[in-house]
Every structure is written in C-alpha cells, then in structure tokens.
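Number of protein chains: 4
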Amino acid sequence: MTTFASIASQLEGQAIELPSWAFGNSGTRFKVFATPGTPRTIQEKLADAAQVHGVTGLAPKVALHIPWDKVEDYSALRDFAGDLGVALGTINSNTFQDDVYKFGSLTHTDAAVRQRAIDHHFECIDIMHATGSQDLKIWLADGTNYPGQGDMRGRQDRLADSLGQIYARLGSEQRLVLEYKFFEPAFYHTDVPDWGTSYAQVAALGDKAMVCLDTGHHAPGTNIEFIVMQLLRLGKLGSFDFNSRFYADDDLIVGAADPFQLFRIMVEVVRGGGYGPNSPVAFMLDQCHNVEDKIPGQIRSVLNVQEMTARALLVDREALDAAQTAGDVLGANGILMDAFYTDVRGDLAAWREGRGLPADPMAAYAASGYQAQIAAERVGGTQSSWGA
Amino acid sequence: MTTFASIASQLEGQAIELPSWAFGNSGTRFKVFATPGTPRTIQEKLADAAQVHGVTGLAPKVALHIPWDKVEDYSALRDFAGDLGVALGTINSNTFQDDVYKFGSLTHTDAAVRQRAIDHHFECIDIMHATGSQDLKIWLADGTNYPGQGDMRGRQDRLADSLGQIYARLGSEQRLVLEYKFFEPAFYHTDVPDWGTSYAQVAALGDKAMVCLDTGHHAPGTNIEFIVMQLLRLGKLGSFDFNSRFYADDDLIVGAADPFQLFRIMVEVVRGGGYGPNSPVAFMLDQCHNVEDKIPGQIRSVLNVQEMTARALLVDREALDAAQTAGDVLGANGILMDAFYTDVRGDLAAWREGRGLPADPMAAYAASGYQAQIAAERVGGTQSSWGA
Amino acid sequence: MTTFASIASQLEGQAIELPSWAFGNSGTRFKVFATPGTPRTIQEKLADAAQVHGVTGLAPKVALHIPWDKVEDYSALRDFAGDLGVALGTINSNTFQDDVYKFGSLTHTDAAVRQRAIDHHFECIDIMHATGSQDLKIWLADGTNYPGQGDMRGRQDRLADSLGQIYARLGSEQRLVLEYKFFEPAFYHTDVPDWGTSYAQVAALGDKAMVCLDTGHHAPGTNIEFIVMQLLRLGKLGSFDFNSRFYADDDLIVGAADPFQLFRIMVEVVRGGGYGPNSPVAFMLDQCHNVEDKIPGQIRSVLNVQEMTARALLVDREALDAAQTAGDVLGANGILMDAFYTDVRGDLAAWREGRGLPADPMAAYAASGYQAQIAAERVGGTQSSWGA
Amino acid sequence: MTTFASIASQLEGQAIELPSWAFGNSGTRFKVFATPGTPRTIQEKLADAAQVHGVTGLAPKVALHIPWDKVEDYSALRDFAGDLGVALGTINSNTFQDDVYKFGSLTHTDAAVRQRAIDHHFECIDIMHATGSQDLKIWLADGTNYPGQGDMRGRQDRLADSLGQIYARLGSEQRLVLEYKFFEPAFYHTDVPDWGTSYAQVAALGDKAMVCLDTGHHAPGTNIEFIVMQLLRLGKLGSFDFNSRFYADDDLIVGAADPFQLFRIMVEVVRGGGYGPNSPVAFMLDQCHNVEDKIPGQIRSVLNVQEMTARALLVDREALDAAQTAGDVLGANGILMDAFYTDVRGDLAAWREGRGLPADPMAAYAASGYQAQIAAERVGGTQSSWGA
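Residue numbers (our numbering), protein chains in the order written: chain Y, 61 to 448; chain D, 61 to 448; chain Z, 61 to 448; chain E, 61 to 448.
Where hints are given, some of them may not hold.
No copy labels: a pair is met if it fits in one copy or bridges any two.
[Stated by the list, open to error] In silico BS3-like cross-links for lysine-lysine, where the CA-CA straight-line distance does not exceed 30 Å:
no. : residue 1 : residue 2
1   : Lys-91    : Lys-130
2   : Lys-130   : Lys-268
3   : Lys-162   : Lys-91
For the record, the hints were derived by calculation from the structure and aren't laboratory data.
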C-alpha cells in the first residue's frame, strides 16, 4: 500500500486555473439569482480569485473571457493580478453572444460574419501577448436546432479553414485548445460535438493545437477517463475544464456529482503522464455557482481536485499491474478502491499547515470576514454575470 | 386499409392550445436572440396567436402565464381575445422567477415563502374565474443542485400539503394539472421528476387533479407512449405540453425531432380514449422558438399534430388486433407503419379548403404580409420574452 | 460529527439476502464463461452462500429461483440450509424461459398461456409455504420489440387481472413484490417499465403487495434515491435488488460503478425508516459475476452495502437539517460528504473481530481453501448457470 | 420539388449486404427462442439469403462470420452461392467466444493469447482470398467490467500493434474495417468505444483501413449522421452495419425504431458522396430477429433502406442550399421534411415491377411457400444461432 508520505512531494506545484466567470452570477434560462458582493469588474473577480489561492495555494492563475473581461490596459491588469498573488491565464474567446452569430461564427456561410469571428480570435491572440497567456481556448456554440437548418459538412469545412487562419496567427509559445461539447446551446447538432471531431481538427492544424476536455460535455454513459487515456496517448490532451453534472452540462462543483469518476479521471491522468511539472495539460475549472456561494464554491472545487489527485497518486501501481496481468478482477479493482476509499483529508490538512496554509481552507475563508466585506462594499454598479 | 375519407370527420373540432410565451423571444442561458415584431404585450401575443388559428383552424385557445400576462381587467382581455376569434385557455402559474424562490416554492422550508407560493396559486384561480379558464397548470421548478442541499422527503410532504390547499380552492368546474419534469432548472433532484410522482400527488388530491405530460420532460430512452397509455388507463391524463427534443428539454417544434414518436403517442391517445369531443385531455404546445420565426413555428407545430393525428386515425385497428393476437410481429408492425408512411398532406390540404381554410397555411401566412406589418409597427417598448 | 461508536449498534442485525443464481455461471448474449467449482445443484449453491455468511455475518438468507432451484422436498432443503447456518428467502418466479412465453406471460392474449403463468405463481406460493419464505418476487420479462407488436393497454389490463389472481392466493404473512425494469429483454416496451407502473399495480392489489426496486433498472440520469424516498413515503417499498451498472442492466457488484450513488440510496433508506428491525424493506443482491470469482464477488458486495450503511448512519442529521433550513448549500452538502469520505473500513474490521468474525473477510475466504476444494470436487455434471 | 422519376436511375445498383447470422436463431442473455426452418448450415443460410435477394433485387451479397460459417472448401461455397444468385461478402472475425479470450484478444496482456487472436485474423484473410471478399471486418468484444480490471492504455497500445500486424497481411485489394461499440459485452470500458478511437487506430494503419459504423453502437442522444458526415469528410467511412435500437444494442430492423434517423443518415451519405457506384462505403445489415420471422425480417430491412434512400435522393438540394444560406430555418427544415414525408412506396413498387421484381416483396415471399418448405425440410440437426 502506497503511503501519503511517499506521494506528498508530488502534490507540490499542483495548479488549477480559476475561471473569472465563476465569481459572477450565473443561472439557467429560467432565472439568474443575484448575490450580495458579486464582482462588477474583472479587478474584483481577480480579488475574489486571490482569496481562493490564498487559503488553498492551489489556484495561482485566473482564466479570462473576452469580451467579458476586456480592459484598456492588460499590462496594468497583469500587474494588478500579480500584486494579488495570481497570474492571468487562458484566454477564452466568445462568439456566441452577438446577434450576428445567431446561425454560426467560425462556421457561418456568410464570409463577413466568419471573418468577424476570426478577427475576434486575432484580438484574443493580441491580448494573450499582453497578458502573457499561453492558451487560446475556443469553445464554439455553433450548431443547429433543426435537421436541414444547416449543411453540417460545409460548416465543418469552413471551421477547418477558420481554425487554420487563427492557428497561423499564434505565437511560437502559444497554443490553441479546441473544446468539444455534446449539445447546448444548439440542440440538433453542434459543430464540435465530440473528442473525435476536436482531435481531427487539431491534428490537421499542427503541434500547437490541442483538445480541451470539459468533463460535463459528454453523452450519458460515456467513459470519460477512456478519452483522457486516448488523448494523452495521442499527445493531444491540452487542457481540462473541470466541473460535474448529473444530466446535462450542469457546471456543478467538480467531484460533486460523481466523486469516483473524478478519481478515475485523475488515475488516468497520472497513468498517462498528464500530471506533474513536465505535463502539457492545463487544469482549469469551468463551473457556474447558481445557488451556492461562489468563492467557497471555488475553494471546495480546487480542494476536491487536490484530494482526488492524492488518492490517484496513492494507487499501488505495481500491485495493480500484477493483479491486472494475473486476470485477478476483484484484486485489481480492490487495489483501485483502496486508494479511493482512503480518507486523505487529515493528511492534506497537515500538509497544508506545513506550508503555512490553513488546515481547513473553507473555515479559514468563512472566518476571514471577506464575504461580509464585499457584500458591504460592492453596492451599485452592474454585477457581472456568466454570459454577460 | 382505413381511408382518409373514413376518418376525416374525426378531425373536426381538433383543438391545440397555444402558449402565449411562444410568441415572445426565448433562448438558452447563453443568449436570447431578439426578433423584429416580437410582441410587447399580451394583446399583441393574442393577435399573433389569432394568426395561427386563422390559417389552420386548429388553435382556438391561448394559454396564459401569470405574472407574465397579468392585466388589470381580465374580462376585457377575454373580450379582446374573443374579437380576434380565440379564447383564453389554461392558466400557468410561475414560482421560479422571484428571488425568494431560490430554494423552493411550494416545497420551501420557510412557511412564509411557501404561503406566498400558495397565495400566487390562489390568485391564479381568481384569474381563472375571470378568464373562464378550466385548468390551472402547475409546473414546479423546485429542486436542488447538490446532494444534501435539501431534504427530499420533507419537501415532498410539504408539496402535498401545499397542493392540498390549492386544490381546495378550485371551483367545481376547474382542474389542477401537475406537470412533471426530469431535470432543469434543478440539476440534482426535482420535486416532481416523473409521472409516478405526479400521479401519486394528484391521486391523493381528488378527481379534479390530473397529470400534465410534457413530451420533453423524460429521461433518454423513455417510452412516452407507454406513459400516455398508463395515465389514460388510470384516468389521470389531464393535458399534454407538446414539443420535441433531441437531448434535454429543447422545446423544439413538436414532431421535429422524432416524428415517429409523435405518431406513436397519438396512436395511444386514440387507443385510450384521449381524443375526441368527450376526452378530458387538453392538448397544448409548450415550445420556444429560439432561432426560427415564431408565428410560422406555431403554425408548423399545430399542423404537425394534425397530420400525426390523421395518421394515427388511419391505423387499421381491426387488422392490427388480429395480427397482435396471432403473434404476427412483422404484420402488426407493418400495419402501424402503413399508417405512418401514408402521406396525408394532400388530403389535409383538400380538407382545409373544404372548410374555407388555406390549403397551405404556411404559404398563406407568408403571403399575408402580417410579419412585415408587425416588424414595422412594434418598435419601441420591451419585447416580451420567455422567462420575462 | 457523528462517531462510529455511536452508530455501531445499528449495524447489528443487518441482513442482505443472496441470490442463488449469483453462484452459477452467467454472461452476456455473446458468451458465458465457465469457472471451475461452479455449483451444479441448489445444495451446492447454498453451501457457497454459507461461505459468504460465514466470513461476513451479513447474509443469513438465500433467495431461490423457480424452476432453477426446484427440488422434491423443500422441507429437507430448508433443513439442509439451516445446517449450513442460512435460511431460505425470497422465491423468484420465472416466466421468461419457456417457449410458450415468447410473446408474454401474465399479459399474454392467449388465456391458456396466461393461466399457465398464473399457475406457475401458485406453485411458487406453495413452495413459499414449504420454505417459510415471506416474499414472492415477480420480475416480468413481458414486453414487445416493435411498435404495434402488442396492445400495451390490453396487456396492462391483463397484467392487473393476473396479479389479482396471484395476490388472492397469498397467505396472510406472505407478500407479493413487483419489480420494474426499464428495458431488456424486450426492447420497445416492457410491461412494468418504471416505479410508477409497479406502484399503480400494487396499490390496486392491497397492503401485501409492494414494489421491488432493482438499482440497475432505470433510465440514464434517473435519481434513484428520490424513488427510494417516494416509495418509503408511500409505504410501498418492499425490497431492493442491489447491483450496479454503467450503462444497461450490467448486474455488477453493488457499489462498484458509483459508490456515491449507493451511499445516497442508503442515506434515503435510513432517512425514510427503511433500515432497522422494524423496516418492511428486504435487502437483496441481484448480480451476475461474469468475469470475477463468484463467492468473493458476493463477499465484496455485502461488505460494500455494510460500509455504505455505516457511512449513511454517520450523517449528522441534526447539523444537516440546520444547514438545509438555513439555505447553506455548501454546508449541507459538506455534511453529507463528510460521512461519505469517512474511511469506515478499519472500524468495521474491529467491529467484526469483536463478533468473532474475520477482520478481513476477503482474505479469510481466500485463505480458507474452499475455492480449491470445490474446484477439485465439483467435476462432472452440469454447472448451474444464470438463466438455466 | 424533386420527382421520383428524376431520381429513379440512382436506385439502380443499390446493394445491401446480408449477414449470414441473421438467419439463425438469436436472443438475449435470458432466452433464445427457436423457430422451425432455421438453417443448420451456411449453405442453408445462403439459400435463405437468396430468397431476400430474389424478391427485392437489393441483396446480392452475404457476409460470413468465422468460425460460425467455416467450411472445408470456400471455392465450392463461392460456387454454391453463385448458383443461388448471390456472392460471398465481408468476412467477420470472432474473438469473443473462446474461453481464452475472457480478458481480451487483440489487447490481451498474454502474448500467446494475443498471437492466437492475430492468427485468427490471418486465417480470415486467407479465407477472403478464397471467397473473393474485399473486407475484413473487426468488431472487438475486448473490454473490462470493473475499474482497475485492466490497464486501458496498455490495451490500446497492444491493439495498435495487433492491428498493424493484421493490416500488413492484407492483399492489395483488401481492406480492414474496424467497428466501434459504446458498450457490451464489456460494461465498464470497451477498447474501441467510439468513432474517434476507431478513426485514430485506422488512420495510423493506412489507406486500406477504414471505420465501420454500426448504427446501434452509440450513446443515447448521439447525432449519428454527424459522424457519417465527418467520416466521409475524413475519407474513412468504410462500411455500415445497419440496424436500429431504442436503448441498447437492440439489433432491431433498420429504420424500425426511428425512421427519421435513418433518413437523416441517408441524406448525409448522399451529401458526402457515400452513395453510388464510386463510393467506397459498403452497406450491410447487422440485425438479430429475436421474435420476428427472419427472412421476412431481412426483406423488410432492405426495403426500409431502399425507401429511405429514395427519400434522401428526393431532397431538393438546390432549394435546401438556398434556404440554409438565407438563414431560413423553417424553410430549410421544411424542404427536408417534404422529402421524408413523401410516400415513395407506390413508386418503388412500380419501379420493381419494371425490373421483373414483385411489387410487394413481403407478400411475394409469403406466397412463395418457402417458409413452409424449410420448416418441413429442416428437421433434425443443430439450428444455427447467433453466437454459435
């Protein structure tokens, strides 16, 4: 049995990027509930994100969404973040909220609309140079609601062309990560619905193009850790968007709906070389805290990832290999479950304290008074919102 | 083989209720696209609905949503509708858009919140008396996003109590129809997730309480026509909310995603006595036209229902019974498919013309100039929107 | 935080019934793999089951399947089991393996076939008197593969009639439990597809008729613990068939596919009064060990149920109620997760030792030499098989 | 509107390959029902297949399954088939029914087992030379039932190696088509679960390796026609296994569960160049007639494909393109639906008669007396069975 002590050093340096939009209000098509203290600016979002990093040491970067987080001076924003102890991370493009994109963006039949979407990505790349971001993440809302509404083949060809133009603009240290999504906001078809499509598209682009795997973007019953394995094997797993879901793209706290699935995912990440200082895989959250508090929601999330990473590292690989080779089904499964059922929370609390972090980050944040402070201070103005 | 002529008379009097909200803008959590000519008032929605009825003869009633369609004087609204050739139909309550309902309405732990939700339904019943509506439809957004967030049992008990109070307020000719929904907007659990729950709740209330079946509110793979059969058998099918879906609650045009499913549903409706002048079943649309034109979308929808009803009536029941009893699987299936594959559109066009209706309602509406007229006239003000 | 010591006494008396068929070979439609030592008789199955009970103390009863486990003298079988330290439990009927049932059994259009199926249940009731069994469990394979193949309504009516005749034959201490199943072996419709149908049928029968919930028999995304809650609330949860699944009715080891789901189910069982000496709920396994060893598979299964029961009992209900009432989403969820993440395995090992049971039942069985013994002894004859 | 006359010539030469195993008995893990007249030899299967071709003119080839259809002399078999008017088609390998494959075949950790599986494919290639078959179809049952049971990554690497060896053995005119399957018979993971995996594997092999798309092998909600489009675009759609399903891999008659889906698939086939004399796509059935008559089941199936092909060809592409480009959602969808709702059955009956085929193939077969003849003649011996 592997011990916590033997894997503790591997927990150093774990970093999970926070999405700026997780700190704004979010909701469903039915209702967005507002919360006191919700940020009104990207600076306030960064301040909130810094709280998460402050109590966990796990979240040194914040992903931006353009145009939601646009500012005049990105250099100043970079400094502002730096002063808070965090850095600016992945740049997320947005081609789903302008009226002109009603029938598509990078796939649109109208060359002018398509160019506008491409230009938006050029702008994002410019911002990346200013922010020092490595990754341009493209999640495409393009798709159709009715059979016949669009020509799926033509759209796919135009997508390839658009991506090619964007890819050509990347700097030498920059990457393009293409996210896939099974459904929503389009209902009949989405233009990048599965990992196969994302893979085929990025493989055609080149080495700097990778796949982004959002854990909530699959059909029911999909074995997600298999896809993790496959993309690592193919050298094309660029990043994770972590969250969890019961049915659709619920964007719940990662690990909340099915903790065992998160464990299995992390086991394959470790198995396939996706974890550690030399891994090309970026770990991000992509969540919406519709009914729960946002900052504690993010704290809970990064802790869940850390706890499952620890459990995944605890798997006794040698014993597992032996049991697998011997065809010992129950033995092999038992070795995996042993790691999953191990309660690592006490060890992690001690580990945190040894690094000057609070043993209980949730309690530390609650005791900090920050929530009351922002509720009091952030009055007036427009609260930021997921989707706005 | 049954002929169209022999079933034509059964198409008389078919009525599909239109939802007022189908004429407003709607969308996803990502974006609501606006359209020129979108109504700004319930009166404008009624005018649009009257267009649908005018070219199809199929949609003599319009369902209202409270508070979206609240007016000072319901008697005047009733007259206004009547002048347009339509009547006011089902009253839909709404307990999902006030901040106070964030954690529930009829199920809330806080007695004051719960009372407010009950009072809202009392108000709806008052409105029903003024509008002459028969049905109070309750779709409950109550539920939770995380395991442990709520006590499902306590919520169910409070729901029963709340419904009991509302039921007691119904007039002798009024009904309560309780809709169920598998998921959304709550992700972990919804308080009325399936027909079994709705049935158990309304069975406890009494004869005036029925189940509402929304065709988009089921788990993948669910045999919906079985539920239709069962609820008719139990005497508890009160109404349909028609729409179609590929994955979630897409609210697409009924029959668009799986026409054969709509056919099978109508076959069971006819088989179980749910169709015709003496049936207690109310047929309604509940759709959101996110990317398509709204009035033509509604025209297309009621035509789809009519076409599938005609096909369902064409099933040769006598031959089917014989094949079923004989264990002739392919024969029985073939009899059903014969009716489904029959192209009834020409016969229906002639049938319409015989009643002074346009042969091609879609073309007639397009030629009417109404769309251009409302686009020109309805400028300024706030466009109505699903969810607002 | 609730402690293990405070809940330990509630673990006394926990009993999980083993299915006799779990010890036979099983497989898929593609292949059944044979294993050395597989029982050839019901006596050998009972001997294997006694091994499970011997090392866990959790499995004092064995469910029989008729006709698979038919014997001449049930009184002798009862004594034989008693000598092994186990008792005979639920009687499972079988109307899916005779050629005559190709198109149905209790629902068949042919009165003679239907009578034969009813008579089979009468025989099962006679056997129950001889074995001292309390429950007659009916899982019905009836259904159709193609739309139109059968008349779903007529089938449902005949089912009600058949069940009524069977119910009338029950002794005063006997119960009928009706299992539902979403799909398989019928593909288009099954005659008891959901809890609502099973509930409506047993509610029409009377107090001695209850619902059996098989955890593998639901559509994707179904919230099973909600159904547990609802059936307990309605007083109609008769028994569980425990197993787990990733997609279809995989019949895997309970807790193997989604341990957190099993936990949530046990939480609702405890919450709703379904656990403990006065509960009417019978807990059974219904699994097929296709590729893993069968006796250790059963040991692992009952241990999984015990471990999750312990975790469910550890939930701090008082704190949970407070957090739920306060609308503290993360707090309430955290209280639940605290119990789930608690590693109870050490405490349970000690608890077992205190009762003269092995600390590690899996290891104890492996060390016992029983597997080698049966592999050597049980040569020749026909191995029993699930489905035969 | 496109007319039948204008597309009739494109129906010439349509060919759908029949699977030899469709004529044998098949069933579920619960029961296989036997039927009078079921073939006992491959010769009898070919005779049955020839009946299907005889009345439809659509099924000139029969796919074989090795070892189920092994014979001493393939040249003689080829002549035998030729005399019946049919040819031998795709060779299907089988590595799922030997005990040695319990834990895998082409992916097995044991080099000896893996070699045996590879050798089996070498044998299949030898047979292909003798039969004149073009395609070696590999459907792999490899997978695991429990997390941890196997090392998914190692298995994928070994699969790549095994496929490489098999590919190297192909003749210059031969192809390898790799089928993917979402689940079953393995429950936790399958080694080729999705089109992405199949595509990545065959892309690594070379031009003679293609993907086989079985319409029943996807997760719920999957847009299959999108995959058809994508594989055609990537030049890697090798063949179809046609069937239909409601939930799992039901292997029902193609078009039976969702006729509109079959239509959409054929629309994409035509759109992407997958139909016609120069297409590389092979069309096959892969069905199991568990409860319906087998020969009529096959006749019904090929007719369904033909009817949907005709409807797909009827789509007015020019008008559709215009509506799509104009963003006319309802117009574009309406053009598609016009083709789908067109009743082509009368035109096809006339078309058949013009070619000396019976207008109603189902009736012609029923009237032929063949069924009674084989029921009388084929007595004794072992009926062939799917899976045996």
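We went through each hint and held it up to the structure:
{"no.": "1", "hint": "Lys-91 / Lys-130", "in the structure": "both (25 Å within a copy, 19 Å between copies)"}
{"no.": "2", "hint": "Lys-130 / Lys-268", "in the structure": "within (25 Å within a copy, 50 Å between copies)"}
{"no.": "3", "hint": "Lys-162 / Lys-91", "in the structure": "both (22 Å within a copy, 9 Å between copies)"}
Hint compliance for this structure: no hint is broken.
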